[in-house]
Amino acid sequence: MPAPRWLRSLALPSLLQAWPWLLLALALLGVRLSKGAGLADAYALLSRPFWPGTAQAEWLRSARRFEDTARIGALEAENARLRGLIGLQQASPKRLTAPVIAREPAGWWHTLLLGRGSLQGVAEGQAVLAPGGLIGLVSSVTPSTARVTLLTDPASRVGVWVGRTRHHGLLTGLGTPRPVVRFLEKEPGVVPGDVVTTSPASTLVPPDLPVGVIQSVDAGADPAPEAVVQLAAPVGSVDWVQLLAR
Amino acid sequence: MALLSRHPWCAASLLLVPVLTLAAPGWPRLAGVGPCWAILWLLPWALAEGRLSAILAGATLGLLLDSLHHGGVSEIPALMLLGWWWGRIGRLGAPVERSFSLGLLALLGTLGLDLSLMLQWALRSSLGAGSGLSGGGIDPATLAKPGWHLDDLAGAGLHVLLARTLLTALLAPVLCSLQLLLWRQQGGGVGRR
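Going down the list, the protein sequences come from chains A and B. Everything in the first sequence is counted per this note's numbering, starting at 1 for the first residue and increasing by one. Everything in the second sequence is counted per this note's numbering, starting at 1 for the first residue and increasing by one.
Isolated chain A, as found in the complex:
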């Protein structure tokens, strides 16, 4: 049976002329069926030279830091308000950076001399921090210098506690690089590796400052059980410290 007339009018020559359009239609159909995968990959390839560089990534990190700082500030303010309600010392006082201009980390006296004094607002009793944690307290001040008694000095006594067991003790310098904690309880229950911080109930130093890690425990010491503490801050090599306002 011969083909109908209309079909004959769409004969092969017409199809051959329209093949680019057919290919385009097929490609578009493929893109649609692949949910734009090819298109996205092609765009990524073409636009790679214009992708955001490290500068923009740094902007994002900076924004993240800003967000974290703001959130920490809000949390500290809330913490200070709550501590004020129960009459405890503020946890995050203002900090003053000071250079170490002389040091004597061994011998009969374990001290540092700082290049900031009463003219800059330094006062006796201020806590001194180095990277890692507390290293001592200001023992005397001149207009332009401050003398720090290190935690390792035999004259140093600071109230601390072990957060894991919630037991208080007195951090006592012995004239050696490692001070000891003398506990006020007969059975403190601490083990090597426990973290020592300043006491939350302290009225002399800001609470919860990291001090060090317990290295060994002598439960039979007289008159109180004691533990040797490895200080977290490198006392002998620190060049700049931070003073916490009281």
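Check each hint, because a few of them may be wrong.
Claimed, not checked - Non-contacting residues of chain B with respect to chain A, defined by C-beta distances greater than 10 Å in every case (computed):
hint : residue
1    : L22
2    : G93
3    : R164
As the list claims (entries may be wrong) - One side of the interface only, derived from the structure: several residues of chain B facing chain A at Cβ under 10 Å:
hint : residue
4    : R29
5    : H70
6    : A156
7    : G157
No lab work stands behind these hints, which were simulated from the structure alone. Each residue gets a CB set at the ideal place from its N, CA and C atoms; glycine is no exception.
Start from chain A and add chain B according to the hints.
Showing chain B alone in chain A's frame:
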């Protein structure tokens, strides 16, 4: 006191002692402990200048060093006594010049100075000592008493004493002989008489 009267600027070198004590240079150290700069300056001064000048220098040094340290102990008595002793040796006997003699005198001087400090701390500790135990348990007041205690002196204190004494005695032949030469030249050889 010839040197003090002819060249009073020489006495200004005494200020090097507190400066070096504060600076605490890192190289001359034994087991982490530095030398006793006061002994290293006072010994040649006393040998060259005699008793009176050395006693005055010892008192001045003691005042300066006590102002740098806390704890209620003093270096003045020991330094004055050493000044008197070394000044007497410098005047009465033959001139001290041998390295061994200088080292030995520095060793004995540092030992005496540090023992005087240890004795003061031991007295303060024993005068205020308690058992550490109160009726219901541990007495926090006793634990909180600051300063060197007898146990600490026998441990870390002994370490400091030995390290400082040995290091000072080792440095003395070099440093003291140079100073002694300088002071004797400046003072017109008074120390040799």
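Next item on the list: May I ask which of the numbered hints given earlier this structure violates, with the numbers listed in increasing order?
Entry: 1 and 3
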